[in-house]
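Residue numbers (the working numbering), protein chains in the order written: chain A, 1 to 436; chain B, 1 to 177.
Since the hints were derived computationally from the structure, they do not count as laboratory data.
Note that the Cβ used here is the ideal one computed from N, Cα and C, for glycine as well.
Incorrect hints may have been included.
Derived DEER-like restraints, expressed as beta-carbon distance ranges [as the list claims (entries may be wrong)]:
| id | chain 1 | residue 1 | chain 2 | residue 2 | range |
| --- | --- | --- | --- | --- | --- |
| 1 | A | K72 | B | H137 | 37 to 45 Å |
| 2 | A | K298 | B | R31 | 25 to 33 Å |
| 3 | A | R356 | B | N164 | 26 to 34 Å |
| 4 | A | I233 | B | A134 | 53 to 61 Å |
One side of the interface only, derived from the structure: several residues of chain A facing chain B at Cβ under 10 Å [as the list claims (entries may be wrong)]:
| id | residue |
| --- | --- |
| 5 | G223 |
| 6 | P241 |
| 7 | Y244 |
| 8 | H245 |
| 9 | H344 |
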Amino acid sequence: MPRKKNGGLAGLVEPDRVHRSVYADPAIFEREMDHIFHKTWIYAGHESQVPKPGDYYTVQIGRQPMIMVRNKDRSISVLYNRCPHRGAMLCGDRHGNAGKAFICSYHGWQFETDGQVRSIPLPQGYEGTRFSTDNPDCNIKRAARVGSYRGFVFVSLAEDGETLEEFLGDAKVAFDDMCDRAPKGEVEVVPTCFRVVQKSNWKIFLENQLDALHPSITHESAGRAAQIVEKDIAKRSGKAPLDYHYLSAFTTPLSKWDQVQTVNYPNGHCILQGYMGLRPTDPDTLEYEKVMRKHYGKDRTEEILSVNIHHVLLYPGLSVQSPLQQLRAVRPLSVDRTLTEIWHFRLKGAPEAIYRRALGYYNLVNSPATMVNADDLENFWKCHQGLASDGGDWVSFHRNAGQDDDDEGVIKSRFGTSEAPMRNQFRAWSDMMAGA
Amino acid sequence: MAKEKTKTKKKATAKTNGVDTQREVEQFLYRQAEILDAKQWADFIDLFTADGHYWMPATPDQTTGEGVPSIFYEDRDLMTVRMTRVGHPHAWSQAPAWGTSHLVSNVVIEQDDKKKGEIVARSRFHMMEFRRDASRHFAGTYRHHLRRTSDGLRIRQQRVDMVNGEGVYDYVLQIWV
Ligand code: FES
Ligand SMILES: [Fe+2]
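If we strip away everything but chain B, and leave its shape as in the complex, we get:
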């Protein structure tokens, strides 16, 4: 394993993106998807840096979450409100229980700044949600601004653009997509 790793690393330095970074980011995204499907909300929040944001813009042309309408624009504190709400015994909409399945794919490393330890990665996602005998589908693009920390990769900002984000919502999004 270790051998293979050094080999790929070497090969990669000749190109712009390290295969290592590619794999590392993919594994990170898969883990985040798994965390969502397993409803490990605290673990989800812990994937973000202290100044991290989860952002779903209201429209695709937005360039910042500050001062514009968003579907989600949450720092760790607001994420904690969301987590605490769904965990409250009187979060009425949590019954019936519901489930999701996330697929993440088409991972492209847009930037890999080794010096700063910052990575920008674009990917495609598809989420299927099942609640009260009905399925909903949400799909689109993730853009993760990641930072290398002593705990591994952490999210400084996750931007989520859904192809159906401006459509009519048949019921709300209770938790992050």
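Bound conformation, chain A alone:
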């Protein structure tokens, strides 16, 4: 068992190392749910998942089963998936259309999609009790706060705290970059969600997302295999499809990875600057750029297309790859199990070929048959096994410690493989966990 018991946090996080119990202690996990996932802004879904009134998607926010639903007036509500009568879950399906009302399958209470109670069978039974329909306790409980940024819906289960815009800060570039690349300035979800469980603590995934030290080691097999076939196709027919590059990019030598940069914000968000060079000059791209110029003009198009982002991490629960129009939402299930939900988007107004590019990445890298994450998930499991053991107490984040640039609290790594993002995530973690 971890050295520190009962979720005690003192001395667990040092600037360049953390105690393993932050990953392995179930009591700390419970505290994370209360202090992080039930307080800060957590991604619920994209507005286009629920286009029509009554459309809903269920989603887990921390430990809370919630419903994201579209109302008649086009607004979006996020409700606890629980009937106020005797507590039954309201939506047993992952998604669907509730029609005009949510109807509880137990005793037939009905609710407007915004949670307001609509009717109760034999209402006279409540006469003279304090549970009459004007009592707000008869409504489905709503998420304390719901916010949307360019169609991406977040919820906070705490009444107070920073606004969604404050929370996003500069990391909102994740959504700006994705939406701006659409000639119409908007994206639309492709209604397929790949869901994969990682047998490891949720933080291990977040750390890995910005770990430029691992790809050429972990993904060597996928990178090499793709490189061999890519060369073979090139020999046969001139040029291999871009899909192969998604995989063969993993053969990029470590020294190159060291040239990317991470920008780390006090609340744990992090931006990884691009490395793949996703601005090819094939006819499809040129056609797309033409459409972009028509919508935005020359200068603005240049500005949009030269944004050089590979990955944005929104701590604690979202990883966005804006140039490839995909995101992964992190849903911690228990101290050693984490669900990832993986979505991708269409750029409204962009030619089909641009969608196909994102689709290729979604299928190859993010599907349940991924040749890439196969080796990541294996590592995550191994990490969790190691951290749950008594083989050592500390997890090292010493790489380039003390060598990052601190720009008024924003930490910019001088080296791509600096463990700055991990150190920074624990800076945010400590702040949040210390909160009342």
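Given the coordinates of chain A, work out where chain B with the ligands should sit on it, guided by the hints.
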């Protein structure tokens, strides 16, 4: 043997499906299952025509693998990437070794176009996988679009719809189901 064959053939022509085709396709499917369980990846790829695809749709309502999300949508080149990856000494997830058992059954010949040499066959499969002391089960429908070639039957498209395909994946699918 030969005698029996001609006999069945004759009988079959009176009906829509030849018993011969039925047997031939069954044997082909059994062989493919065996190849997977024996991890003969190159032989697996060779069961496909030059333009062949292995396709596992993301949702059962899909009608084409083009332009839609798929769990697998692989031509022979992508299959070769997958084969080469699992054979690489640093394919970390290949340790521990894992094993599968495939059962194929309920084979129905949907189309048997003798002129074009094209056959469409539907079947049911069940795959049990054992890895690191844990078992997983995947089951569903195969639909094989087969073509007669000088080397025997070859797959133009194999569609795989798993009943649990839209579920949560506890770890990934490393190789074809
Ligand atoms: S529990 Fe919902 S109506 Fe009784
Ligand atoms: Fe990775």
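Outcome of range test on Cβ distance (K72(A), H137(B); 37 to 45 Å): holds (43 Å)
Outcome of range test on Cβ distance (I233(A), A134(B); 53 to 61 Å): For A134(B) against I233(A), whose Cβ atoms are near 37 Å apart, the range 53 to 61 Å is violated.
Hinted contact G223(A) with chain B - closest CB pair below 10 Å: Holds, because the Cβ-Cβ distance from G223(A) to chain B comes to roughly 9 Å (cut-off 10 Å).
Agreement of hint Y244(A) with chain B interface, Cβ distance less than 10 Å: holds (8 Å)
Pairwise beta carbon distance, R356(A) to N164(B), judged against the given window 26 to 34 Å: Holds: the Cβ-Cβ distance is about 28 Å, inside 26 to 34 Å.
Per-residue hint verdict: P241(A), partner chain B, C-beta under 10 Å: holds (9 Å)
H245(A) as chain B interface residue, shortest Cβ-Cβ below 10 Å: violated (12 Å)
Given hint H344(A) near chain B, where the shortest CB pair must fall under 10 Å: holds (7 Å)
Supplied distance hint 25 to 33 Å, evaluated on CB atoms of K298(A) and R31(B): With Cβ atoms ~60 Å apart, the hint is violated.
Going down the numbered hints, you'll see the structure goes against 2, 4, 8, while the others check out.
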